[in-house]
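Undergrad: One letter stands for each residue in the lines below.
Number of protein chains: 2
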Amino acid sequence: MTDAKAVAPGCLTGVRVLDLTQFEAGTSCTQVMAWLGADVVKVENPVGGDPGRRMGDTKPHRDDPYFLNYNSSKRSLTVNLKSPRGLQIVKDLARKADVFMENFAPGAIERLGLGYDVLSNLNPGIIYGQVKGFGEGSPYENNLAFDMIAQACGGTMSITGHPDGPPAKPGPTLGDTGTGMLMLISILASLHKRKETGRGVRLGVAMQDAMLHYIRNACGVTTKTGKPARRAGAQSIMGNNPPCNIYPCAPGGPNDYVYVYTSRGNPQHWPRLLEAIGRKDLIGDPRYETREARVEHEAEIDAIIAEWTRKHDKYEAMRVIGAAVPAGAVRDTLELLNDPDFEERGILQTIQHPTNGPFKMAGWPVRFDGKPPVVKPAPLLGEHSSEVLKDWLGMSEEQVAALRTEKVI
Amino acid sequence: MTDAKAVAPGCLTGVRVLDLTQFEAGTSCTQVMAWLGADVVKVENPVGGDPGRRMGDTKPHRDDPYFLNYNSSKRSLTVNLKSPRGLQIVKDLARKADVFMENFAPGAIERLGLGYDVLSNLNPGIIYGQVKGFGEGSPYENNLAFDMIAQACGGTMSITGHPDGPPAKPGPTLGDTGTGMLMLISILASLHKRKETGRGVRLGVAMQDAMLHYIRNACGVTTKTGKPARRAGAQSIMGNNPPCNIYPCAPGGPNDYVYVYTSRGNPQHWPRLLEAIGRKDLIGDPRYETREARVEHEAEIDAIIAEWTRKHDKYEAMRVIGAAVPAGAVRDTLELLNDPDFEERGILQTIQHPTNGPFKMAGWPVRFDGKPPVVKPAPLLGEHSSEVLKDWLGMSEEQVAALRTEKVI
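Protein sequence lines correspond, in order, to chains B and C. Note that the working numbering has the first sequence beginning at 55, numbered continuously upward. Note that the working numbering has the second sequence beginning at 55, numbered continuously upward.
What the hints contain is simulated information worked out from the structure, not anything from laboratory work. Treat the hints loosely; a few may be bogus.
Which copy? The list can't say, so a pair holds if one copy fits it or any two copies do.
[As the list claims (entries may be wrong)] Computed cross-link-like contacts, DSSO-like style, restricted to lysine-lysine with a CA-CA straight-line distance of at most 27 Å: (1) Lys150 with Lys249; (2) Lys430 with Lys278; (3) Lys430 with Lys281; (4) Lys136 with Lys150; (5) Lys430 with Lys150; (6) Lys425 with Lys145; (7) Lys150 with Lys461; (8) Lys414 with Lys425.
With the rest of the complex left out, here is chain B (with noise of 0.2 Å):
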């Protein structure tokens, strides 16, 4: 994308953001923070930084995609939390912060002496965020949680599969990405009170809770059926509605399908897809009028509609279908990045990385006023330790050199 199409915001200008996470789902959410125009200063551990730096098996002085896609835009401080000098600035930081947030291992930031207590009382304007596996008070709120975990635990997996294979894991990181995003709306509703009361507050969140928030509706269909909601393959997990489904296109690779759906609010849809399949021939044959006919022949609907998609690549079945009724092609990550329609539209953007190169990301998909916010690279470990003890604590830089040579920074 060129730069002019390209707008910061700077909705979040001149919030400061003290960010203690790693991994992804507390990076997740300060990620977006430092897109929206905050600057997010963050503290990582002088010997190897935050461990999604060497996520995979990348070579050593380049830093994995995992950690380019979560910190882009963010400022690097190392501290040695270890060394007393270290945790004494990260204190005097958050004296100048209005966000904290962090997602260790349950009571680690405590054990640090950085806990909420601690930091309210220098700063009692502070939004003390914490991103946790299981909540308090939950039977396993020692335990340590991943995104996996919290999909088992949390109901995404069990609805997510083949009706008759085992769960699978949803592919899209709802239990880090999913549960940072719930965070940072509650950062930035806390944000918007503090105007008037000045007062901070400690927000807490379990990923395994958060999943509930997005298996809402498969809940609602065990408070009708009693059962627990099932998988359902391609199909949506609420109902039989066919066609609702991925239909095979050619040449029949592993993602050549394309979903078509017709809704049961629009009679229209139905006859709308057999005309644009070249089955006008069908309509009003009572076989398939109603819903409840539709259910009943699924298997004769899914025959006749496959027959036309295997016939057209996913591309042409999505426009010629698309243009009557819901259709999507199922796309794949390759496919998705070399679509010049995402770079074009700032979707995706190109940063210049200064060891790793060029490197094609997703930014912030929202548009403000028609315009995505512009992505600047992820930070090389402590590149802005200096930067950052200068504007936010007014370091000189002999202060700053001496704690080079102690190796507090």
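Since chain B is already given, all that's left is putting chain C on it; use the hints.
TA: Same frame as chain B, but now just chain C:
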């Protein structure tokens, strides 16, 4: 839960939301604003209201759980948008609103005469949010979309399901609620900025684009391999790090599995797991000692773990293994809804709905100073028409009665 445990944080008290949303992508966004204290006025068609009220096959005069789950704590005002007087009322309300939100089909709100140009002219401070299926400038910008279409076109389906099977739709409605959360973040950030500038903004998000936000790990895999990220069943898309999978538990029902994960970052996990399942004899065995060795012997490892898990139910397995390494029972929606832990902690709350009776639902999972926001019932159709017209527009009882007689509300 007892009321004493709940607290309305009221972060958004005083924020007025004019809510023209329906179904889920828009309603999920305004839902959270209502939970956080905003005055959310849902404008509905006097005949039937939000079609979400009638999802599924509920009896007449009962609102579906789908509606209750996304509209609690809101107020309902019926307005006939096809009458000039009704349209004028919505414009008058827009003058008083901080936020306007809609998710009609592309072009519909503009055809009604309630586009951003019109409303921002009446109220330059209005934050105007729109959720559509596809982005402005996309080849599909005029196409209708529902959750499943967004999940097909946005890549989430391509990475969900089993490696040798077709794509599956993640059970969670990421295309709807996942998009609604990103819009809400943008609204709250814009409210923050507006306190300085006084100016509103037009916010737009496409459900397809929003999906990219949730599949960044899979995109990172593609960046490294140059290939589409593959479906991984219950495993992580990010890579091969056994054990990282579900294991079958007694008594063998469709969701009787426990997730077991050993972090590559912690070399103690593997021996701790062996100890937990009574296989101390294998500690130090070179066949399984390193990650590389475990990748090579994955099938054996799976058999060793499953031998133990099959003899235990999933909760016992989670208790024993979870004390040693990250582990979690796969839980279904009935188990979750019936678990008193969620009620005690206010994550699930039971509302008393005037016609549906008691209804248990997930509220906002983030806690404010340890307490969750209170959930109030979803409104009956037009329940607050009179109240809202008085509160927001200062109408008299007689004026409201006249509007009723004229079938404007």
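Undergrad: Decide, hint by hint, whether the structure agrees.
TA: How the hints compare with the structure:
When the C-alpha separation of Lys150 and Lys249 is checked against a cutoff of 27 Å, the pair qualifies both within a copy, at 16 Å, and between copies, at 21 Å. Taking the closest pair of Cα atoms, Lys430 and Lys278 come within 27 Å of each other only across two copies (20 Å); inside a single copy the shortest separation is 48 Å, beyond that limit. For a Cα distance limit of 27 Å, the shortest separation of Lys430 from Lys281 across copies, 25 Å, qualifies, whereas the shortest one inside one copy, 48 Å, does not. Taking identical chains as interchangeable, the C-alpha atoms of Lys136 and Lys150 lie at most 27 Å apart only when both belong to the same chain, with a minimum of 21 Å there against 53 Å between chains.
In this homomeric assembly, Lys430 and Lys150 come within 27 Å of each other (Cα to Cα) only inside a single copy, at 24 Å, whereas the closest approach across copies is 37 Å. Proximity of Lys425 and Lys145 under a CA criterion of 27 Å is satisfied inter-copy only: 26 Å between copies versus 37 Å inside one chain copy. Proximity of Lys150 and Lys461 under a CA criterion of 27 Å is satisfied intra-copy only: 23 Å inside one chain copy versus 56 Å between copies. Taking identical chains as interchangeable, the C-alpha atoms of Lys414 and Lys425 lie at most 27 Å apart only when both belong to the same chain, with a minimum of 18 Å there against 40 Å between chains.
Hint compliance for this structure: every hint is met.
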